[in-house]
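Chains A and B, in that order, are what the protein sequence lines are. Residues in the first sequence are numbered consecutively from 1, following our numbering. Residues in the second sequence are numbered consecutively from 1, following our numbering.
FYI, nobody ran anything at the bench for these hints, they're computed from the structure. These numbers come from a predicted model, not from an experiment. A few of these clues could be false.
If you anchor each label on the Cβ, the simulated ranges turn out as follows [claimed, not checked]:
(1) S343/B <-> L129/A: 53 to 59 angstroms
(2) S150/B <-> I132/A: 30 to 36 angstroms
(3) M108/A <-> G319/B: 50 to 56 angstroms
(4) E55/B <-> G60/A: 34 to 40 angstroms
(5) N100/B <-> I126/A: 54 to 60 angstroms
(6) M6/A <-> H57/B: 49 to 55 angstroms
(7) I281/A <-> F96/B: 33 to 39 angstroms
Yeah, the Cβ is synthetic: ideal placement off N, Cα and C, and Gly gets one too.
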Amino acid sequence: MSDLSMIEAVLLTIITASTPLLLAAIGELVVERSGVLNLGVEGMMIVGAVMGFAATQATGSPYIGIVAAMISGVAMSLLFGFLTLNLMANQVATGLALTILGLGLSGMVGEAFIGQPGISLKPIAIPVLSGIPFIGPLLFNQDVLVYASYGLVIAVYFVLFRSRTGLIIRAVGDNHGSAHSLGYSVIQVRYLAVMFGGACSGLAGAYLSLIYTPQWVEGMTAGRGWIALALVVFASWRPARVLIGAYLFGAVSILQFHAQAAGIGLPTQLMSALPYLATIIVLIMISRNKTLAKVNTPACLGKPFVPDR
Amino acid sequence: MRTIFKLAATAAVALGLSAGASIAADPLKVGFIYVGPVSDHGWSYQHDQGRQAIEKHFGDKVETTYIESVPEGADAERAIERLARSGHELIFTTSFGYMNPTLKVARKFPKVKFEHATGYKQAKNVSSYGARFYEGRYVLGQIAAKVSKSGTAGYIGSFPIPEVVRGINSFMLGAQSVNPDFKIKTIWVNSWYDPGREADAAKALIDQGVDIMVQHTDSPAPLQVAEERGIMGFGQASDMIKFAPKAQATAIIDDWSAYYIARVQAVMDGNWKGQDTWGGLDVDMVHMAPFTNIPQDVAEEAAKTLAAIKSGELKPFTGPITKQDGSEFLKAGVSAEDGALLSMNFYVKGIDDQLPE
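This is chain B alone, in the form it adopts within the complex (with noise of 0.2 angstroms):
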């Protein structure tokens, strides 16, 4: 027993001396939060790259730390607390449900800054950032509704949240532009990440007629069996045209590198403050993997819209809108404010299915 305690005692020592070496070195400790593993191919992945890029940027001025598989709630609030303890003077937590614990943490600890994804609270220390990636999906939708050949596209969702629902209708007012009569079937898989049920779920879709495959979950499942069964489909947070050299249009891309250097360099040259970032294609936080597979007119056109996009010419949320129920979101000429697509509970015109409650 006693042998345990020296050895707890000299770990002790050691640690507290790194601690002073890394003061000593004085570079910036920056912490990252994941929902998921780093390995997932999708959401996490994404964030983790940015991580790396903060550290092949700055090099040695930086050092990062990550937590990752953090169930939103009571874990993620311990999670990050330590971290702000441990001397991290910059924490990114990465996913939605990080939100509430991020604002209490962060009353706790004022003298670090805070950057929380996808929420909508902000706070002296505390930054919210997403990205549009709504944008990038009024794109696929334009493409869908041109390589085609039945007019309907299978979408698969994980959640009826906005940032889904958002993107549902953005992808369809895509494809109206091209088709005003195109079809969308949906399917909720009710998970972020579950192959075997998107693949399921992109079977059924296939089954029943659709011949363009859309995806709002992780896993590069469903364009696996689009390439299996021979229609097209679009990645999702990645480029997966490994997956699916054959049927991969292209796919929208997340990428926090740009953003997650900025707030660093920010935090070192001393100007950063809390504040609300919602990047699109225009900034680079959405961008889109190259167009393959689809005739070269097709191609082009969505080159243009996306150009369009980027310069702010095309808005996707642009009247005249009509929702589901007939009523009207948006007036012609009128392009959608911030707050009103945040919150998104309702399908456009045209759009058969249901929306769940």
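This is chain A alone, in the form it adopts within the complex (with noise of 0.2 angstroms):
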């Protein structure tokens, strides 16, 4: 193998490893940009991981398998916003509760597909992109969710810092209270940007049973969900360092791997925290600027919404 055929295998591996996290972590971020705080990411996106499994297994196509993972993690994140939004229940409490029904929902849901290979999607080359040397196979000759992770970081960006919408949703996490009074429905804003998460966990856990690894096991998510959450934090609820995160991340995790097999000779264990420590580090240091950290974090973030009258 060349050189640079051998670059491109690394950097495609990376691509895979990390569209997951990217995927949910871009939908926790509008969550908590509406002062919604969802602990419920892994249990949404294991739910996604079966129901697009089974959708898939039961159709055949892993299209219908992807929609199927965006409803369930949409029906997730439903039921997360009516106990926290409507009930004011305790979000952290409540987000925990939605993993732990998750995990074991998606088990009981699964214990029909265990053993059973999946279909894989396939990528879809873009034509002439795709022709592009080196960077073509690598960026244009992808699955759909690739390009749809793609598509959602540079969305939520504009939709966030570019447009009126975005302006609610911020004002909406940073001081419910104002946008109550300027008249903006408070609970209906959060409802739909829950919504919004719940679908993108659902399309990461459909990434994980269609793509990464064209199977369902029990708890095969494996804490993914957890890493995304973090992510939202160190990226300090910014679209561009979420993306920069999850590739970091992506892109160590499989590095180590590569050592690991060029016989390095590294103690394993810290090889394998490696990701988690660069991440954090890199992420820190980008925003290290203390005034810009508070302006970027939702104010009310976590906080129940009790309309005065």
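Starting from the two chains in their separate frames, assemble the complex, guided by the hints.
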């Protein structure tokens, strides 16, 4: 294998490892920007994974699987929304409960699919662009979910920071009292944000069970939802930084495997910890400006909204 | 509130009644503790197959219970005690980390019999049992060396513990019996079970030029990657041919059924006693999936090796064997004792990687 194609192969696996994190994190970013802390990402993700797999097996079409994964993610998030936004349940506790529920529920639904090989989603080459040497096969010969992740990052950036809608979402997240008195429906905005987060988590789950490892096994998210959650915080709620964080995490976790295979004799425990360390350090470095960090943090994050009257 | 109390009281009575009824019918109650979910399609799944085999074999003479996903440690003790307290006469604890909790509970319940998997401590009412998976890995090594064009296999390890290190060494000895210059690249994923990481590790190994995939982790993900990239590989714990119809050459399968049935029978016959069992291919505790996707002569050769190990004629760890650092492990013609195998913490010569401490 030539050096160039080796680098290309490595970068390709990095994209695969990073995409589920990016998908889940970009959704949670919007949720948190609206002032809601949903710790149930892992639970929504795994339900997305099993429903995506189930629908694909039933219909033979991974695309229907993707839609099913999104719908189930949204359904889970609606449950969260109802409990926290309508019944004012504690968001942290509800999020944790959502994760536990998701893990249990997915195990139950998935029972029938254990040991079945899945149908893998094939990449789609974008004409012309995929012909560009090196970059083409890397960025423009991917599956639809990778494209979706690029699109989502760009869209979330523009909507949040360059549109009126984004202004409303951020207002609700920063000061729900003021947003309410200006006439915005805090609950409605938050519901939409939470649903968006659910759909993204569902997509991330579908990515795992349809592309990353086309199969269903219990607990296959293996903590990726939690990593996505952490990425959002360390990226100080900025879409571009979430992108950097997700790819950095993916890159270091793949590169440490290559280092091991090449026979670099570092302790494997240290190698496994590297992605976490590197990502946290880099993101802290980027966001070390205290004033900006304060501005970026949604001031009403995790606070329940009770309208005065 | 009163209603709730009433309900609780009724439930308690109902439970009491059902317990009474079960004593009257007198089936032998057998309990199981699993470290993972029964649907992991690997380690715990295979133990549960053993439990189902007991039910099938003994019918209504037994009643089985299992508790899944029990973390190793303090929780394990509670779970084991719960089974012991609720009238289970024979309890299988199926992970290494349950060893001390099992012994502790066993002291409290001298009449209950315990079976602990993969441990090394026994007591009057505690047996230990394990399987010689390494025997199968010797056969894998031989097949690998015959079909590999690059002469390099990729090996995905979970944790650098004796069980896994022994497997790598056995695989290497099998490979060296065919090609003395055979190479292994190892990646430790520090997990028994994370399909995503296992797949990433497999891709990294293939990108570095290996053309055989071996794993000591529990998900079919690495084999699936092997299938996708068009190289050969081996299934782990259960037959994974469905995930890799073109890539799986064979698989090492754990089979606890015969042992579990025998132990239940022993309790029924009243001749159960605390002992240590380390069974291999000879007693079918380990067996191998059909040889597929490999040339006829390679399959025949592998079948011969398999038969030789089964009959005891061939022992994978037989000297001369030199350790990686050049010191002698076994003199020519000498076979390793179980103690040396169980505590193995070094690589044999020919493996270039460093064994993590």
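Quiz item: Which of the listed hints are not met by the structure?
Solution: none
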